[in-house]
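Asks: This is what each chain is made of:
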Amino acid sequence: MAGKSIGDKMLQAVLMDEKLMAFGEYSPDECTSLVQALSSDNCIVKAVAKIIDRGRTGASETEIYREVSEFLKSNI
Amino acid sequence: MIIKNILIRNFRSYYGENSFDFSNGLTLIIGDNGDGKTTFFEALQWLFNTTVDTPNIENFSEMRKSQLEVGENDSVTVSITFDHNGIKTIEKRFIVERYGKDRYRALNQEFRGYEEKDSGRTPVDGKILVLRCFDAFLQRFSMFKGESDLNVFNDSDAFKQLVAKFSDLKEFDKYVSYTEEFERKSNSAFVKESKSDEKISKQVEQFDAKLVEVRRLLSNAEKELRETEASANLFRGKIEDLEKHKETSEKYSEIKKRIEAKKTEAAKYRGSIAANNFNVNLLDKLWVLCVFPAVLKEFQAKSSAFSKAKRTQNEQFIKELAKNEGKKEAYDEITQLVNGASRMPWYLPGEAEMEEMIHDHICKVCGREAPEGSEAYRFMCEKLEEHRRHALAEAEANKPKDQETKELFENDYIEEIHSLSLGLGGFNESIVTGKAAEIGGCIELVNTFKRKLAEVERDLEEMDEEKARILIQAEGVSEEMLDKSFQDLKGYFDQKGKAEKRALELEQKIHELKGQRDYYKEQIDALAPGKGQVRVYKKVHDAFDYILRAFVGAKDKNLTMFLESLEDRANDYLRRLNANDFHGIVKLIRTAEDSAIIKLYSSNGSEIKKPSGSQQTTMYMSVLFAISDLTTLKREEDYPLIFDAATSSFGDAKEQDFYNIIDHINKQCIIVTKDFLDRSELRMAEIDKLTCSVYRIRKAEGYNKDDLSTIRTTVVKVK
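Residue numbers (the numbering used here), protein chains in the order written: chain A, 1 to 76; chain B, 1001 to 1719.
Careful, some of the hints might be misleading.
[As the list claims (entries may be wrong)] In the EDC-like style, the derived pairs of lysine to aspartate or glutamate whose C-alpha atoms are separated by at most 16 Å in a straight line are:
(1) A:Lys19 <-> B:Asp1542
(2) A:Lys73 <-> B:Asp1545
(3) A:Lys19 <-> B:Glu1522
(4) B:Lys1509 <-> B:Glu1171
(5) A:Lys19 <-> B:Glu1455
(6) B:Lys1310 <-> B:Glu1461
(7) A:Lys19 <-> B:Glu1224
(8) A:Lys9 <-> B:Glu1183
(9) A:Lys73 <-> B:Asp1542
(10) B:Lys1539 <-> A:Glu25
(11) B:Lys1263 <-> B:Glu1522
(12) B:Lys1185 <-> A:Glu70
(13) B:Lys1174 <-> A:Asp53
(14) B:Lys1210 <-> B:Asp1518
(15) B:Lys1514 <-> B:Glu1222
(16) B:Lys1174 <-> A:Glu61
(17) B:Lys1185 <-> A:Glu67
(18) A:Lys73 <-> B:Glu1462
(19) B:Lys1262 <-> B:Asp1545
(20) A:Lys9 <-> B:Asp1173
(21) A:Lys19 <-> B:Asp1173
(22) B:Lys1539 <-> A:Asp53
(23) B:Lys1498 <-> B:Asp1208
(24) B:Lys1160 <-> B:Asp1173
(25) B:Lys1557 <-> A:Glu18
(26) B:Lys1174 <-> A:Glu63
(27) B:Lys1185 <-> A:Glu25
(28) B:Lys1539 <-> B:Glu1183
(29) A:Lys9 <-> B:Glu1171
(30) B:Lys1185 <-> A:Asp53
[Said to hold, decoys possible] Examples of chain B residues toward chain A, derived with CB under 10 Å:
(31) Phe1172
(32) Tyr1175
(33) Phe1182
(34) Ala1189
(35) Thr1248
(36) Glu1250
(37) Pro1345
(38) Trp1346
(39) Gly1553
(40) Lys1555
These are calculated hints, taken from the structure and not from any lab test.
Ideal Cβ placement from N, Cα and C applies to all residues, glycine included.
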């Protein structure tokens, strides 16, 4: 775990959820960092990464919801 | 942070400069009661306290203070040198100045810091250095005073802080809250959008209304469960405290009753003493007459003397009177006429005839002339004078009798005095004499009350000391808590029972509500929207729902992993610290409030509800070592553990095993203790078996136990 940021660790912990994996049809090994996840082709992985990333860069809850829901509406 | 050296100068009993050097492992500082162990610990607490900027003269050495001349000053200094990414020093000091006979002032408190750099020693703000290298959080998990301080999780906030610092849980809390809101908003959007879809609109509306209601009920039930569990934990803790201090509580209750009884007795004596006010009694009860018998005696003696003197003088007077009477009779005999004839009575001739004859210059008795200046004329004049004297005497004789007899004492004052003397004596005198006896009795009674009151007050003093000793044994349990004692135990059990029963009911209710919630969600999920746009909204909501559950699961897993990791490490230390003894298994149990409690279990899974003092100490120490490991791991820095009198409950054998093991644990540990002492002498044979550094602190010889200024702690490095 050494060297990983808290965002990376959080992403990993969330993506490990089996039901989310089944719903999003992804493998958690594909993305081990936020940077990778933000560029992922999987919209669920990308949505989770966006939530964590925007939360860590100071965006408000409303802003994050608007951005992620718009993203999901276009990509899901 | 590895402590290299601690220097204490003129801090309370640490007179002058006292230096301690430390290795990376264990250092023992051994001292008996009153030798300065706690002062050492408190010097460090004072040094690390960044919240108080004013100097406290109480921290200045009394011995040094007594030596200061007027105009002189000296400093109180505590400094620590440590390795924390390079050698650093933090120094706190202030000046004490004597400016009058008994006048001292403390001034100029300074917090200095230094960092050793390639360029040399650089000064920095000491306060900032403390906050950077050994902040309040680390102090909380590094410094422990007494055994009761070791259970850091007694304070529910401590575990929360630990988790918040090291488990990333705080971050998760924020995201769980966000995603809950996202799920709610996306659901609302879907429900709103589905109204335009005739195929599912009615069903969505119906299920959503039920879902909203179930969620409300669920939220309320979860809130109530949290409160109920917190309440059950509170009562559980109170019961544990009471049971742990059962013996102390009983002793406390007994001594309190005895103190109350003695206080009542003392009040009774005080009341009796106050009721006998001598000043009031002087007049109210005529105590002022207590000197009367002596005065009366003197009065009676004088009255008797007067009476006697009067009688004597009277007798003398009567004798004198009788003597004069005798003389008169003798004279009368002598002055009788020569021929024995009788004298003419004095009233013949009468006064008027005499005056006529003198006027007429003729004696009308013998018929001879008596011209003026003649013998006959003088005779007649004398005769007239004699007549008049006799008439006067006669008139005098005809006065009332008391005026008639001339007495020596015309008044009866002496008799009155004598009568008064007799009147005051006898019955009256006996009453007043009784008063004196009453006063004597009263004074004796009051003195008896005072003596008894003094005895009771002495007993009370001893009992207060005993009570204070009991409170010390209670190790931090408040007087109020002991006061409530076991009268409250039943109440606590009842309330804990009620809370636990309610918690079970709520858990069941929550389980059912979650089932209902999932059912309605599944029903909504199972609906197949007819319109493409509604399908998209549904998918977006589903995505947010799954994401929410994943965040909740991750948060939970994170906390569980953190506890498991802490538990594993703690059990490793527990095994090592109790290598030759039963050790059990430490379990960290989560509570509803995301806090934790430390419990000890047997390997067969049963809880050890009443661990012995030493089992508790090693259990808590194991958790503290585990936390320290975690701190080191997370901050990539080591931290010392400093204990003051943490092993009081250990027996000799346990003590030796414990130190032999802790001596080889790779962690800086400073233990201030009175272990290894036998009648104030070090047990060197046992100390020699240890590899660690050992200091002996003790009071310098020749002190006066009543004079603080004669007491100083000496520091000797034993090995």
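Asks: Hints first: check each against the structure and report whether it holds.
Replies: Tested hints:
At roughly 11 Å between alpha-carbon atoms, Lys19 of chain A and Asp1542 of chain B fall within 16 Å of each other, so this suggested pair holds. With a C-alpha separation of about 15 Å, the suggested pairing of Lys73 of chain A with Asp1545 of chain B holds against the 16 Å cut-off. For the suggested pair Lys19 of chain A and Glu1522 of chain B, the alpha carbons sit about 14 Å apart, so the restraint of at most 16 Å is met. This hinted pair does not check out: Lys1509 of chain B and Glu1171 of chain B have alpha carbons roughly 30 Å apart, beyond 16 Å.
The straight-line distance between the Cα atoms of Lys19 of chain A and Glu1455 of chain B is roughly 80 Å, outside the 16 Å bound, and the hint therefore fails. For a cut-off of 16 Å, the pair hint linking Lys1310 of chain B to Glu1461 of chain B is broken: about 70 Å separates their Cα positions. As the CA atoms of Lys19 of chain A and Glu1224 of chain B are separated by approximately 29 Å, the hinted pair breaks the 16 Å bound. Restraint check for Lys9 of chain A and Glu1183 of chain B: not satisfied, since their Cα atoms lie roughly 23 Å apart, outside the 16 Å limit.
A C-alpha spacing of about 12 Å is found between Lys73 of chain A and Asp1542 of chain B, which places the hinted pair at or below 16 Å, so the restraint holds. Taking the CA atoms of Lys1539 of chain B and Glu25 of chain A, the gap is about 14 Å. The hint holds against a cut of 16 Å. For the suggested pair Lys1263 of chain B and Glu1522 of chain B, the alpha carbons sit about 73 Å apart, so the restraint of at most 16 Å is broken. Distance check on the hinted pair: Lys1185 of chain B and Glu70 of chain A sit about 13 Å apart at the alpha-carbon level, within 16 Å; holds.
A C-alpha spacing of about 13 Å is found between Lys1174 of chain B and Asp53 of chain A, which places the hinted pair at or below 16 Å, so the restraint holds. Distance hint between Lys1210 of chain B and Asp1518 of chain B is fulfilled; the C-alpha atoms sit about 11 Å from each other, no more than 16 Å. Distance check on the hinted pair: Lys1514 of chain B and Glu1222 of chain B sit about 11 Å apart at the alpha-carbon level, within 16 Å; holds. In summary, the hint linking Lys1174 of chain B to Glu61 of chain A is supported, as the alpha carbons are separated by about 10 Å, within the 16 Å threshold.
For the hint linking Lys1185 of chain B to Glu67 of chain A, the alpha-carbon distance of about 13 Å falls within 16 Å, and the restraint holds. For the hint pairing Lys73 of chain A with Glu1462 of chain B, the CA-to-CA distance comes to about 82 Å; that exceeds 16 Å, so the pair is violated. A C-alpha spacing of about 71 Å is found between Lys1262 of chain B and Asp1545 of chain B, which places the hinted pair above 16 Å, so the restraint is violated. For the given pair, Lys9 of chain A sits about 15 Å from Asp1173 of chain B by alpha-carbon distance, which is consistent with the 16 Å threshold.
As the CA atoms of Lys19 of chain A and Asp1173 of chain B are separated by approximately 20 Å, the hinted pair breaks the 16 Å bound. Taken as a hint, the Lys1539 of chain B and Asp53 of chain A pair is broken in the structure, with Cα atoms around 22 Å apart against an allowance of 16 Å. With a C-alpha separation of about 35 Å, the suggested pairing of Lys1498 of chain B with Asp1208 of chain B is violated against the 16 Å cut-off. For a cut-off of 16 Å, the pair hint linking Lys1160 of chain B to Asp1173 of chain B stands: about 12 Å separates their Cα positions.
Only pairs whose Cα atoms come within 16 Å are accepted, and Lys1557 of chain B paired with Glu18 of chain A is accepted, the gap being roughly 13 Å. A hinted pair counts as satisfied when its Cα atoms are at most 16 Å apart, and Lys1174 of chain B with Glu63 of chain A qualifies at roughly 15 Å. Note on Lys1185 of chain B and Glu25 of chain A: the hinted pairing is violated, with a Cα-Cα distance of about 24 Å set against a maximum of 16 Å. Between the alpha carbons of Lys1539 of chain B and Glu1183 of chain B the distance comes to roughly 11 Å, so the proposed pair stays at or under 16 Å and holds.
Pair hint Lys9 of chain A plus Glu1171 of chain B holds up; C-alpha atoms about 11 Å apart against a cutoff of 16 Å. In summary, the hint linking Lys1185 of chain B to Asp53 of chain A is not supported, as the alpha carbons are separated by about 20 Å, beyond the 16 Å threshold. Satisfaction of the interface hint for Phe1172 of chain B is found here, the shortest Cβ-Cβ separation to chain A being roughly 7 Å, below the 10 Å cut-off. With 10 Å as the threshold, the beta carbon of Tyr1175 of chain B comes within range of chain A, its nearest partner Cβ sitting at about 6 Å, so the hint holds.
Satisfaction of the interface hint for Phe1182 of chain B is found here, the shortest Cβ-Cβ separation to chain A being roughly 5 Å, below the 10 Å cut-off. Proximity of Ala1189 of chain B to chain A holds as hinted, the smallest CB-CB distance being about 7 Å (cut-off 10 Å). Checking Thr1248 of chain B against chain A: minimum C-beta separation of about 47 Å lies over 10 Å; hint violated. Taking 10 Å as the C-beta cut-off, the interface hint given for Glu1250 of chain B is violated, the closest approach to chain A being about 51 Å.
Below 10 Å, beta-carbon pairs count as interface contacts, and Pro1345 of chain B has none with chain A, the closest being about 160 Å; its hint is therefore violated. A cut of 10 Å between beta carbons decides the hint on Trp1346 of chain B: the least distance to chain A is about 157 Å, and the hint is violated. Evaluation of the Gly1553 of chain B hint against chain A yields a held restraint, the C-beta minimum of about 5 Å falling below 10 Å. Hint on Lys1555 of chain B holds. Least Cβ distance to chain A is approximately 8 Å, under the 10 Å limit.
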